[in-house]
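Peer 1: What follows is the residue order along each chain.
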Amino acid sequence: MPKRLVTVDLEKCVGCGLCTLACSRRFGLAGNDYSGILSVSLSGFERGATVIFCRACEDPPCVQVCPTNALRKRRGGGVIYREEICIGCKNCVQACTIGAIFERSDGKIAVCIHCGYCVDFCPHGVLAMKEVKA
Amino acid sequence: MKILKIDLSNYSYEFEEIDDWIGGTGLAVRILRKEMNPSVDPLSEDNVIVFAVGPFTPAYPMASKTVAMFKSPLTGNLGESHAGGRTAFAIANAGYGAIVIKGRSHKPIYVVVENDRVYFRDARVIWGIADSLVIARIIAEREKGRGMRTVMRIGGAGEKLVRYACVTTETYRHFGRLGLGAVFGSKNLLALVVIGRGGFKVKDPKLYREVYREIYDLALKSDAMKKYHLIGTPVNVKPLNLIRALPTRNLRSTTFEVADEVSGEAFAEHNLGRRIACSHCPIACIHLATLRLPYEEEPYFYRTIMISYDYELIYSLGSMLGVGSREGILRLIHKVESLGLDAMSTGVCLAWATEALERGLIDESDTIVKLEFGNVNSYIQAIEYIYEQPNKFYEILAQGVERASEVYGGKEFALSFGGNEMPGYHAGYATHIGYLIGLRHSHLDNAGYSLDQKIDVYPEPEEIVDKLVKEECWRQVLSSLVVCFFARGVYKPEVVSRAFKALGYDVDEDELVKAGERIYREKLKLKVEMGFEKPRIPERILETECMHGKLDRGYIERALEYWWDRYVEG
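Order-wise, the sequence lines are chains A and B.
1 is the number of the first residue of the first sequence in our numbering; add one for each residue after it.
1 is the number of the first residue of the second sequence in our numbering; add one for each residue after it.
If we strip away everything but chain B, and leave its shape as in the complex, we get:
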């Protein structure tokens, strides 16, 4: 696979060939282990960013993700974040398996990759614009490559090094988690534009078209992806609320009394204005709401904004903050979107701050606005402060909830796992063990929340751990192929194997499973080299009942011990 290596320190670039490791996550782990000293400061010029795509990206539908890997300024450990949009399509068509970014520019720039040429553009004029939507528009109008390009950029939060700033692509998709935006900011890199026109000849065109058709039909005609066709991820709001798994008001509760108001069904009925797709995906799961807002002072004046919503945002900026109106949630999403913040981390940080204020650990001289659950305007102002960091409190809060609770207390209700703010599920043991041992500390690593919903009586914790790790290993294969996890029901091992065959590679199902295990081990090794320590269990998850009642610390600790002994040290 051809790799493009860009060095921002001396504005140079070179090409390299690296053997497989499939692509995506596998390739990124391999490159990072080779190119980066694991003990670097994440915000120093020595941090390295890898964007990796996979062998299926231009070839088959729904291999539309790009894996970003870097050292996370939020956790100080491995950062891995996946995004859709046009990014994978553009990188693959430009001819690359991965793009690597090293060094730091001495002044603000953005970088344009056009197939095998790289341009370093002066960004001093547009540095300091807080709104990532405006930055994107300016760059899109200046650069060519419409329909063949991706514009990955930060907003004000990335420039200001908020540790959970994201990188946004194609307006609505994000390398959201673990602070890639701050790494961009620290490198004086405002955006990376990739323009790609190209492709590769497949080995067996006839078989290729057959397999393609099969995957396409599976995606559209079977039930495998139905959930994402229709209401989208927010279809989860109602059922999770019903089974008492929807984290509400900093997880003091798991049911939200107005869940129906902010359900996927309600958004679809009242707000859904358009659906769009990532490149090479027929599903179009990106749901855009229209929000019509009046001018505050003038009658008969309105502006209408399109805002992308998903389950995780309704959780983090809705139920978690006690915000029960769709308009309120959409306004918060828009604020977070324009500044380029990770919505989940922002919501969890604000939920903690609200409770800390209630309990008197901090006061209004810290928060400047009176944070209270349900108060949208205060939260919008507070999000602005996370970006501006006008005082010490917001400087600390911009470092994440783990850090904030170290300084101000309230660790027991600071909901982070391995330093990463909690995703939107409180479904039982597998959920939380999943966050703790997942190598990204994400619900997507192993889908523990899904396991919890299928279990009546819990087995020994060791069995749960093995199941979660097994799932995570298979997901390493999917994320190395950069197949969207929403398409995991389509890309079964047998389908993957045949898809490879049409491209000219013999890979049997057993080899795939082994590759997943190997990538998992390598990634874990990288985490350990970066100083990974056994993550803490936040007290709050034990206090608040879920569908399985109250969770027992001993069970989770046993799981963690077992995982540590068998997989980390074993």
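With the rest of the complex left out, here is chain A:
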């Protein structure tokens, strides 16, 4: 069965951003440019922190608005991203209700593909992989 990235307990997030950095590290990059997951405070850290990433929609609006098919539906929800045919129009960024598609500095996009690499670096058990029906 395919898997997707989920939050186990969002309240436990401390805002360390290790997930954000792990995501770019997968591409051999030290930084956040390629990250499809974003660690944010809840309008200031006094209210805590959370993470923003793709919810693995079954019917993703971002796919619908992609003019080149760079974003296609993924089995189990969410998307597959083919950056070589992405023209950087950012329609998808606009279409995502929760703001889970990010702009890279080269004009293309970064989006979570539910690989689960970040789970290993979430020190406080916020993130996990979960099997889903295809």
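Hint data in this document are derived by calculation from the structure and do not stem from the laboratory.
Treat the hints with caution; some may be incorrect.
Said to hold, decoys possible - Covered stretches of chain A, as calculated for chain B (at least 3 residues, CB under 8 Å):
1) 17–24
2) 32–46
3) 100–106
4) 115–128
Unchecked claim - Only pairs whose alpha carbons sit at most 30 Å apart, straight line, appear in this in silico DSBU-like list of lysine-lysine:
5) B:Lys227 with A:Lys12
6) A:Lys90 with B:Lys34
7) B:Lys201 with B:Lys144
8) B:Lys514 with B:Lys525
9) B:Lys411 with A:Lys108
10) A:Lys12 with B:Lys238
11) B:Lys550 with B:Lys534
12) B:Lys201 with A:Lys3
13) B:Lys2 with B:Lys501
14) A:Lys130 with B:Lys206
15) B:Lys221 with A:Lys130
16) B:Lys144 with A:Lys12
17) B:Lys411 with B:Lys527
18) B:Lys221 with B:Lys470
19) B:Lys201 with A:Lys108
20) A:Lys73 with A:Lys90
21) A:Lys3 with B:Lys206
22) A:Lys90 with B:Lys201
23) B:Lys514 with A:Lys108
24) B:Lys206 with A:Lys108
25) B:Lys144 with A:Lys108
26) A:Lys12 with B:Lys2
27) B:Lys221 with B:Lys454
28) A:Lys90 with B:Lys534
29) B:Lys107 with B:Lys34
30) B:Lys203 with A:Lys12
31) A:Lys3 with B:Lys221
32) A:Lys108 with B:Lys2
33) B:Lys34 with B:Lys102
Claimed, not checked - Anything over 12 Å on all C-beta distances counts as not near chain B; from chain A, calculated:
34) Lys12
35) Leu29
36) Thr50
37) Val51
38) Glu58
39) Asp59
40) Asn69
As the structure is a prediction and not an experimental result, all values here were calculated from the model.
All residues carry an ideal CB built from backbone N, CA and C; glycine is no exception.
Given chain A's structure and the hints, the job is docking chain B onto it.
Peer 2: Positioned in the frame of chain A, the structure of chain B alone reads:
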């Protein structure tokens, strides 16, 4: 390394490349020596601020600090202050090794750096808001970059040029010491926002991921950082009290009879509401207390505030002021936090003022409120006065305890070292020699307090000095890598060397040690150029017993002489 130079006088900016000096402290010293005339007035437009990060910042965990360097309006000498939060992460991802700020805007502004663009925003509407938390919220709501940005801002104390005003970042972390907030204020700069999206390709991705994993595991699974995992820095309250090292009531005593009430354990049990982390740090050592306060006049009305606490604040606004209730300490911290003051300097200034009032050096027409040890409400009012400066006394007190004692007397119990108010340890000779010779006059320079706790019989003072300097030299390497000092047990020379290798640099352990020595010498040279003089020894530290009994002036003087001859003039 790419440097961004912003000139507030003509609202312009430019980029520059500067070779290594590692980053952080090393880079900042290099830039300051090049860009600033060391004899400038710290509150003039000629003062220069450097914010520097390091090569590990986006690459490895816990390289999360930003080094701010400037000329201090508190000491008139070198100012260096380190803060966590999101600042380093944002600066590094924006593509910079350092951001340099020069000049002075002719009207209040805040500056937004978004990768390679800089915007100068009108801040006239929000200038004059005393509460730095409100300023931050307004700016955060107006600007984009959520999750990728830092909002470094001052509060009312910075605008009013209190010489120990701080710059706050991400609500709870501070460029606390030595008055960076007043330098911001003097430049009409309310805040610096940096939004960063970027990074760099590493040389050897496989080795990089391996070393990363190793550092990550060391941080979480070994004991190297356990202290910070759990109770946090306030875990020090009880043991320091037990060994008679906790400065209490302006250091007239070193034990606080209610230390257990305000210990890290008690805060954790009764008040700890949440823990949060600096960017790229798994430890989450930022401990936030919840404080539930009733409305004074109305029943069944409450407000609940989250307040960040640490050991140094419990010392400076607690034991040092004789405040033995957690609620009292939290209220004082909140007051200091909202006005944007350095908690340590504020506490030490008020402790001196309390004793000066008791001794009749000043009277209530000066202090307006009756300052007495343990009286929280008076202290809250007095902190407001430090900000407002309604009379000559508070104008002077806003310049620090060194200056206040020059004007009103009581120098012997004015606890400052090199013009900087004392940190929270009275553990023995190495502690105080450490404050005196440390280039920031901070307990963090060389951790003398830790040395004192390991010594039974003191060696010759020269040996202590050499040990402290050796430690401080290594800490120049850590602060140039901007590795949090709490992670010093993880980032041993061998680990640092391999971490560099994965990024494509060959740096052996010996070179690192040499780099630390070189940065130390350069920094000291900068201090001397700024007019550094041999610091005075406050009498009070000799009067009050510590775990090693009473300290002898001769020993400390010999240490100071030796350091001066060998390191300053040598």
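Peer 1: Indicate, hint by hint, whether the structure satisfies it.
Peer 2: Hints, verified against the model:
1. 17–24: Contact hint for the segment 17–24 of chain A vs chain B: holds, 5 residues under 8 Å.
2. 32–46: n = 11 at 8 Å, threshold three: holds.
3. 100–106: holds (count 4)
4. 115–128: holds (count 3)
5. B:Lys227 with A:Lys12: Given pair Lys227 of chain B, Lys12 of chain A holds - Cα atoms ~20 Å apart, limit 30 Å.
6. A:Lys90 with B:Lys34: The hint is violated at about 43 Å.
7. B:Lys201 with B:Lys144: Measuring from Cα to Cα gives roughly 26 Å; hence the hint holds.
8. B:Lys514 with B:Lys525: holds (17 Å)
9. B:Lys411 with A:Lys108: violated (63 Å)
10. A:Lys12 with B:Lys238: holds (29 Å)
11. B:Lys550 with B:Lys534: With a Cα-Cα distance of about 23 Å, the restraint between Lys550 of chain B and Lys534 of chain B holds, given a limit of 30 Å.
12. B:Lys201 with A:Lys3: Measuring from Cα to Cα gives roughly 29 Å; hence the hint holds.
13. B:Lys2 with B:Lys501: holds (21 Å)
14. A:Lys130 with B:Lys206: holds (27 Å)
15. B:Lys221 with A:Lys130: holds (25 Å)
16. B:Lys144 with A:Lys12: holds (25 Å)
17. B:Lys411 with B:Lys527: Answer holds: Lys411 of chain B to Lys527 of chain B is near 23 Å, not above 30 Å.
18. B:Lys221 with B:Lys470: holds (29 Å)
19. B:Lys201 with A:Lys108: Within the cut-off at roughly 17 Å; holds.
20. A:Lys73 with A:Lys90: Cα-Cα ~17 Å, so holds.
21. A:Lys3 with B:Lys206: holds (25 Å)
22. A:Lys90 with B:Lys201: Holds - the C-alpha atoms of Lys201 of chain B and Lys90 of chain A are around 24 Å apart, at most 30 Å.
23. B:Lys514 with A:Lys108: Roughly 43 Å separates the two Cα atoms, so the pair is violated.
24. B:Lys206 with A:Lys108: OK: Lys206 of chain B and Lys108 of chain A at ~25 Å, within 30 Å.
25. B:Lys144 with A:Lys108: Given that 30 Å is the threshold and the Cα spacing comes to 19 Å, the pair holds.
26. A:Lys12 with B:Lys2: violated (36 Å)
27. B:Lys221 with B:Lys454: Roughly 26 Å separates the two Cα atoms, so the pair holds.
28. A:Lys90 with B:Lys534: violated (61 Å)
29. B:Lys107 with B:Lys34: Holds, because 27 Å separates the two Cα atoms, which is no more than 30 Å.
30. B:Lys203 with A:Lys12: violated (34 Å)
31. A:Lys3 with B:Lys221: holds (28 Å)
32. A:Lys108 with B:Lys2: holds (24 Å)
33. B:Lys34 with B:Lys102: Holds - the C-alpha atoms of Lys102 of chain B and Lys34 of chain B are around 13 Å apart, at most 30 Å.
34. Lys12: violated (10 Å)
35. Leu29: Non-interface label on Leu29 of chain A violated, nearest chain B Cβ at 5 Å vs cutoff 12 Å.
36. Thr50: Not fine: 9 Å to the nearest Cβ puts Thr50 of chain A too close to chain B.
37. Val51: Val51 of chain A not clear of chain B: closest Cβ-Cβ about 9 Å, inside 12 Å.
38. Glu58: Consistent with the label, Glu58 of chain A stays out of reach of chain B, its closest Cβ about 26 Å off (over 12 Å).
39. Asp59: holds (26 Å)
40. Asn69: holds (26 Å)
Checked against the numbered hints listed earlier, the structure breaks hints 6, 9, 23, 26, 28, 30, 34, 35, 36, 37; every other hint is satisfied.
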